[in-house]
Structures are given as C-alpha cells and as structure tokens.
Amino acid sequence: MEHAISLFFRSIFVDNMIFAFFLGMCSYLAVSKTVKTSLGLGLAVTFVLTVTVPVNYLLQTRVLGEGCLVEGIDLSYLSFILFIGVIAGMVQLVEMTVEKYSPSLYAALGIFLPLIAVNCAIMGASLFMQQRILLDADNTQAITSVCDAVVYGFGSGIGWTLAIVSLGAIREKMQYCDVPRPLQGLGITFIVVGLMAMAMMCFSGLNI
Amino acid sequence: MALFSKQNKEVFTNPLNLDHPILGQVLGICSALAVTSQLKPAIVMGLAVTVITAFSNVIISIIRNTIPNRIRIVVQLVVVAALVTIVSQVLKAYVYDVSVQLSVYVGLIITNCILMGRLEAFAMQNKPWPSFLDGMGNGLGYAMILVIVGAVREFLGRGSLLGFQIIPDACYDWGYINNGMMTMPAMALILVGIVIWVHRAYFYKEK
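As you go down the protein sequences, you meet chains A and B in turn.
According to the numbering used here, the first sequence is numbered sequentially starting from 1.
According to the numbering used here, the second sequence is numbered sequentially starting from 1.
Chain B on its own, in the form it takes in the complex (with noise of 0.2 Å):
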C-alpha cells in the first residue's frame, strides 16, 4: 500500500474538515476550553495532544492483535498515562513557564476523549501507518481549534499575540479598552459555540 494512497489522504483529511472531533463528533472539549486564554499555550497544548493521539494510536494498533477484549480499556489507559508522563517531563523540562500554565490540563489529557475515542475506533482495527495519520489528522483538528480560539481571547482580551502587543499604544490613548471578558472561562464556550455555529453552516450549504 503506497504510503500516500487516496484512502490514506482521507484517513488524514476528513477530521480536519467534516469529521472534526471537536465540532463533528464532540470529543475532547474539557481541556480545549481551559487552555485556551492566551495563543502560547493553546498551540503547546495542541502540539502535546497532536504528539500523543499519533503515537499512542500506532502503539495500540501495532499490539492491536494480542490485547484480551475484556481489559483493552485499561491497557488503551496505561499506553496513554505512560506517553503523557513523557510529554509532561519533557514541557517542564524545556518550556517550563507553559508547564505552569497548562497546570492539570496536561495530565488531564488522558481522559481527553479524542484519545480514547480514535483509540477504541480506528487504531483497534486498522493498521499502524493509517492509524499515524488518523492520530495526526485528530490531532491537528483539536489544535486549530485551539488555536483559532485562543488568538481570538489573547487579541480581544490583551491587545497581543504570543505576548507580543498588537493593538498600537495609539488606540489607547483614543479610548480603546481591551475586552476583559475575554480572559473569562465564560468566553471560551460562546466562542467555541460560535465556531460550531459557522463551522455548521457552511457544511450544511454543502450539503
């Protein structure tokens, strides 16, 4: 099977369009809320789950074969317990300050349903390259998500991007006030409820 075949492309295409986790299917909302406040950690965050979704759904889907039914939850629990340790020991080692915003989010990935969710559908009965794009794809859906979100509150919220200011000091003095509600958690579902909002209407037109 060529490694790019139409179906592969797919596997990898389709949740970043109609079968997007988070507004498709509803999987992985907990933590896509909470990380959102400002852009960093939001794409820290969205690289973290990218990483794990991949690999934890080749490690499953390579010993696919050899896990009893009746306990696959729990083996499918510890792969991902043991790749978030990973993931979170490598954050503090390197991007500490993020580690610290991200808090429990990043143990809480574990419960992130995305994880469970492609975990028990696709890499239980597919093969370990379409399962690594279907992680990756997962993935990278959840992180737009995050990253759209998360710009939207650091820029309406802070007047910045990245920590970098964006609205000019000149806007300021004229009276401009930046949204502190933005900064709410509140915010972050109408935002995401928006997002749904748009994301629904321009597939409903489709089809």
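Just chain A, same shape as in the assembly (with noise of 0.2 Å):
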C-alpha cells in the first residue's frame, strides 16, 4: 500500500510526463488553448492510460517476457508492435463503450478520444512500465503488480491532465500580453513551458 502511494504521488510530481520527459507534447501544445479543452482531453488521456497500462503489463508478463510462452524465448522485441496494436484497439473500444454508455461523456471527450492513439504519452507510459518491470521490489519506482501498473497509469495520467489545464489557464491569460511578434503563438508557450518544467523541478527528491 505504501508502495502504492509512493508510486502514484512521484508519477504526478516528480516523473510527469509533460515536464520530465515530454511525452504528448503535439497534443499538450495543439489542444491547450482554454482550460475546458485541456480538461477533456486530460481526462481521455488519464481513462485511457488507466486502462492500457495494466493491459500492456499483463502482456509483458505473461506473453512477452522471456520464457513466458515458449521456454527459453524472449519475445520482447516485438513489444513495440503489440503495445502500439493494443493502445489503438483500447482506443477504439473505449470510444465505443463511451459512446454507447454515457454520451454526455462521448460529446465531451468525442473529439479528443481517436487522438490519442498517437499520444507519445500512452505509448511513454507502456514504455516505462516494461523498463521498471526489472527493478528491485523494493525501488519506489518498480511495478511488481497489476495493481502498481494501475496505479502508475493513473498517476501518469493526473499528471498529464495537471499539466495541460495549468497551460491552459495561463494560455487564456496570456492573451492580454503583449508579446513580440516572432514570438507569438508557438515560441512564447515553449518558453512558458520550460519556466513551469524548472517550477516542477522542485519536486525532484520527493520521497514519501
């Protein structure tokens, strides 16, 4: 349980996706704009990675790994094509289900959903989680479980939604600036981006 915490609080601060290792970046420029867009793709970004994470670690563990299927075969190399098979199928079925389910949710996400098949920041956190696979039990950034790889989904997603509605709002008040004309746009949300990476830098050491 510990572990879990530990886990879930260093994914949002100290790992974020955006802010340690830019994953989902096209998106995070393209879609923040205001903060209600942020939000909801945000919020996909978290459902989808709640759900691909641990579905990916199950693949990894019980298919991929060495000596899983077939003794003495390690098939990870092809762990790129199977990830990247199971983020695009996950993204279609949780469309479908969302769209079937809860519309309200479907009008509010539809746009945003089929995006993210192509979000570094889904494909990163499989990534990741196949590398921490191999740590020792007891580094707090192993995932050993079903339950760690949940949790680490989630966590990664928080951080992310964290990350792009905080653009969001100071995009929204940045338009009252008077920024040079070059700059405008791409360049000036660069650099606003990097001044809130060296702000979360602070985290970086946090243990709990």
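Everything labelled a hint here was simulated from the structure, so no lab data went into it.
Misleading hints may appear alongside valid ones.
Pair ranges (Cβ atoms, derived) [unchecked claim]:
1) A:Gly89 x B:Ile177: 47 to 55 Å
2) B:Gln125 x A:Arg181: 29 to 37 Å
3) B:Ile71 x A:Tyr106: 16 to 24 Å
4) A:Gly85 x B:Asp169: 50 to 58 Å
5) B:Tyr176 x A:Thr97: 37 to 45 Å
6) A:Asp74 x B:Val198: 42 to 50 Å
7) A:Gly85 x B:Ile167: 33 to 41 Å
8) A:Ile133 x B:Phe203: 40 to 48 Å
9) B:Gln125 x A:Cys147: 42 to 50 Å
Here are some chain A residues the structure puts well away from chain B; computed CB gaps all over 10 Å [to be verified]:
10) Arg62
11) Gly67
12) Val70
13) Thr97
14) Leu105
15) Ala107
16) Val118
17) Thr189
18) Phe190
19) Ile191
Residues from chain A that keep clear of chain B, each with C-beta distances beyond 12 Å, as calculated [as the list claims (entries may be wrong)]:
20) Ile5
21) Thr34
22) Val35
23) Thr61
24) Glu99
All values derive from a computational prediction rather than experimental measurement.
Glycine included, each C-beta is placed from N, C-alpha and C at the ideal position.
Dock chain to chain to rebuild the complex, using the hints, since each chain is given by itself in its own frame.
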C-alpha cells in the first residue's frame, strides 16, 4: 500500500510525463488553448492510460517476457508492435463503450479520443512500465503487480492533466500580454512550458 | 518524370525552410526535446527518424491504393512499428551505449507525429519517389533542430562536443563554470522556443 501511494505521487510530480519526459507534447501544445478543452483531453488521456498500462503489463509478463510462451525464447522485441496494437484497439473500444453508455461524456471527449491513439504519453507509459518491471521490488519506481500498473497509469494521467490544465489557464491569461510578433503563439508557449518545468524541478527527490 | 525535377526539388527543400516539420508545422516535438542533452544521441536519433520516415513513406506510397480507407491508420502504425523494431535492433547491435541513452525514445518514434503526419498528408497521395524525398526532407529538417539544440546544450552544459573537451582547462582555472542548468530538461524547451523565434523572425521579414 505504502509503495502504491509513493508510486502514485512520484508519477504525478517527479516523473511527470510532460515536464520530465516531454511525452504527449504535440497534443499538449495543440489543444491547450483553453482550460475547458485541456480538461477534456486530460481526462481522456487519464482514462486510456489507466486501461492500457495494466493490459500491456499483463501482455509483457504473461506473453512477451523470457520463457513465458515458449521455454527459453524472449519475445520482447515484438513489444512495439503489440503495444501499439493494444493501444489502438483499446482506444477504439473505449470510444465505442463511452458512446454507448455515456453519450454526454462522449460528446465532451468525442474529438479527443481518436487523437489519443498516437499520443506519445500513452505509448511512453507502457514502455516505461516495461523497463520498470525489471527493477528491484524495494525501488520506489518498481512496478511488480497489476495494481502497481493501474496506479502508475492513473498517476501519470493525473500528472499530464495537471500540466495541460495549468498551461491552458496560463495561455488564457496570456492573450492579454504584449508578446513580440515572431514569438507569438508557439514560441512563447515553449518558453512558458520551460519555466513551468523549471518550477516542477523543485519536486525532484521527493520521497514519501 | 526526371529524378530531380523542379517539383521534386521543392518537395525535398521545403521542409528544410518554410514548412519545417518542427518549427512550421509543430510536429514531433516530444522526442526532439528529450534526446538533446548531448550531441551524439541527438545525431543518432535524427538519422534514425530520417531513415524511418523515408522508408515508411515509400512503403505506404507503394501500397496506398490497396489500403482500405477505414483502417488506414492501423496499417500505417503497423508499418511504422515494424520499421522502428528493425532500427531499434540495429541500434542495439552496433551502438549499444547510445541505444541505452535513448531508452524508450527509440520506441516512441512510432508515435512521432512527423511520421503519421507525412504518411497521411503526402505518401497517401503521391508516387514512391517523391514520397521518399519528402520523407528525407522532413527527417533531415527534424535532425537539424536536434543537432542545433544538442550542440548548444552539450557545449554550454558540459563544455564539450561529441564527448571531446572544447573549452580549455585554462578557462576553468580562471573561474569558468559549466552551466548545469543546460543539462536539465527545462532548458530544452526554452532553447527550442528561441530557435522558433529566430526562424519566424527571419521568415516574417521575407514575407
């Protein structure tokens, strides 16, 4: 339990997808114009991460790992193709389920869901999870069970949401600022994100 | 059609100037930032992306008329994932230390938006040879930014380039100190912001 809590907070603040690893940057910059759309995309990403990381964890430990399927054969070089297949399939499945059972949520997330299949944060979380399986069990970053994988996926999603919502809020305010013309739009956004990343650096070394 | 007709030349050079994938179209930023703390991984990453973009463009362009429209994204993803797997194995075999440094970012080439963007926007409508040039152009444009940012960060952050000491020891004796901030992730963002500023200032003037 203690391990799960530590993993959760570390994945939000220390190993933040945006500020520490720059994952999901494209949609992060493209969709963060207002707080409302940022929140929508953030929730969709959190949702998909919480589903795909545990599924890929099971795939890695039960099918791809050394000696899981056939004795003495390590299939982990196939992980890229399988993970992206799982993610694309899951996104489709999540989209259909949400559309059927919660039309209002679907209307809110609608356009963002298909985008998520090619969001690097999703693929990145699965690949980091694959690396962390190999760590010692007492390491705070280790993922040793399906429960850990769920916590890691959910925490990373919350961290991503936090980052995109705060950037959305800053960009809403920044419309009233007098930015030099060539720097307007993309340029200044990069510099703002850089300053935010610097601020987030004060969490590094956080231990719970 | 001649191999280097005027049209084909434009296909190759446009991504290096005005239609730059990172600076103009804002594609493929994730990995551009993460691998640039030193020059060597930046160069390897740039080359890997160039090769993968060029060849996935060619493959998709060859089979573009047989792909059913509804499942084209999945087909594209599988082609790219297969190429990335090959490149990742090659990197592990020949430059193991760099492949360890790049860690997950090699796998993340699959979700690099430059690839998907070029496949959707160019390879699905064009013949293999222009698609190859387009892929090369965009890959090299991407590599260019990686090399610029990687060189600045390694030079200011560690005083070296490609691992060789550039700033002489005498400077350190006089009190010069490496800017450790440059090796942090945050500075990559700010440097790319400045590169975009310079790029836009230059091209706005031309217009």
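Tested hints:
The hinted window of 47 to 55 Å between A:Gly89 and B:Ile177 holds, with their beta carbons roughly 52 Å apart. For the pair B:Gln125 and A:Arg181, the beta carbons lie near 34 Å from each other, so the given range of 29 to 37 Å is met. Under the hint 16 to 24 Å, the C-beta atoms of B:Ile71 and A:Tyr106, about 22 Å apart, fit the expected range. The given range of 50 to 58 Å is respected by A:Gly85 and B:Asp169, whose C-beta atoms sit roughly 53 Å from each other.
Roughly 60 Å separates the CB atoms of B:Tyr176 and A:Thr97, a value that falls outside the hinted 37 to 45 Å. For the pair A:Asp74 and B:Val198, the beta carbons lie near 47 Å from each other, so the given range of 42 to 50 Å is met. At roughly 48 Å, the beta-carbon separation of A:Gly85 and B:Ile167 lies outside the given 33 to 41 Å, and the hint is violated. At roughly 47 Å, the beta carbons of A:Ile133 and B:Phe203 sit within the given window of 40 to 48 Å.
Taken as a hint, the range 42 to 50 Å holds for the pair B:Gln125 and A:Cys147, whose Cβ atoms sit roughly 47 Å apart. Once the 10 Å rule is applied to beta carbons, A:Arg62 is consistent with being away from chain B; the minimum gap is 20 Å. The Cβ of A:Gly67 sits about 20 Å from the closest Cβ of chain B, beyond the 10 Å cut-off, so the non-interface label holds. Every CB of chain B is more than 10 Å from the CB of A:Val70 (nearest about 19 Å), matching its label as outside the interface.
A:Thr97, annotated as away from the interface, keeps every beta carbon of chain B farther than 10 Å; the closest lies near 19 Å. Every Cβ of chain B is farther than 10 Å from the Cβ of A:Leu105; the closest lies at roughly 23 Å, confirming the non-interface assignment. Remark: the non-interface label on A:Ala107 is consistent with the geometry, its nearest Cβ contact in chain B lying 23 Å away (cut-off 10 Å). Under the 10 Å C-beta cut-off, the non-interface status given to A:Val118 relative to chain B is violated; the minimum distance is some 5 Å.
Consistency note on A:Thr189: stated as away from chain B, yet its beta-carbon is not over 10 Å from all of that chain's, at 8 Å minimum. The Cβ of A:Phe190 does not lie farther than 10 Å from every Cβ of chain B; its closest approach is about 3 Å, which violates its non-interface assignment. A beta-carbon of chain B comes within 10 Å of the beta-carbon of A:Ile191; the shortest separation is about 4 Å. With a minimum CB-CB distance of about 25 Å to chain B, A:Ile5 clears the 12 Å threshold, and the non-interface call stands.
Listed as a non-interface residue, A:Thr34 keeps its Cβ farther than 12 Å from every Cβ of chain B; the least gap is roughly 18 Å. The beta carbon of A:Val35 sits about 21 Å from the closest Cβ of chain B, which is more than 12 Å, so the claim that it is off the interface holds. Its beta-carbon lying about 18 Å from the closest one in chain B, A:Thr61 satisfies the requirement of being farther than 12 Å from that chain. The non-interface label for A:Glu99 is consistent with chain B: the shortest C-beta to C-beta separation is roughly 17 Å, beyond 12 Å.
Comparing the model with each numbered hint stated earlier shows that hints 5, 7, 16, 17, 18 and 19 do not hold.
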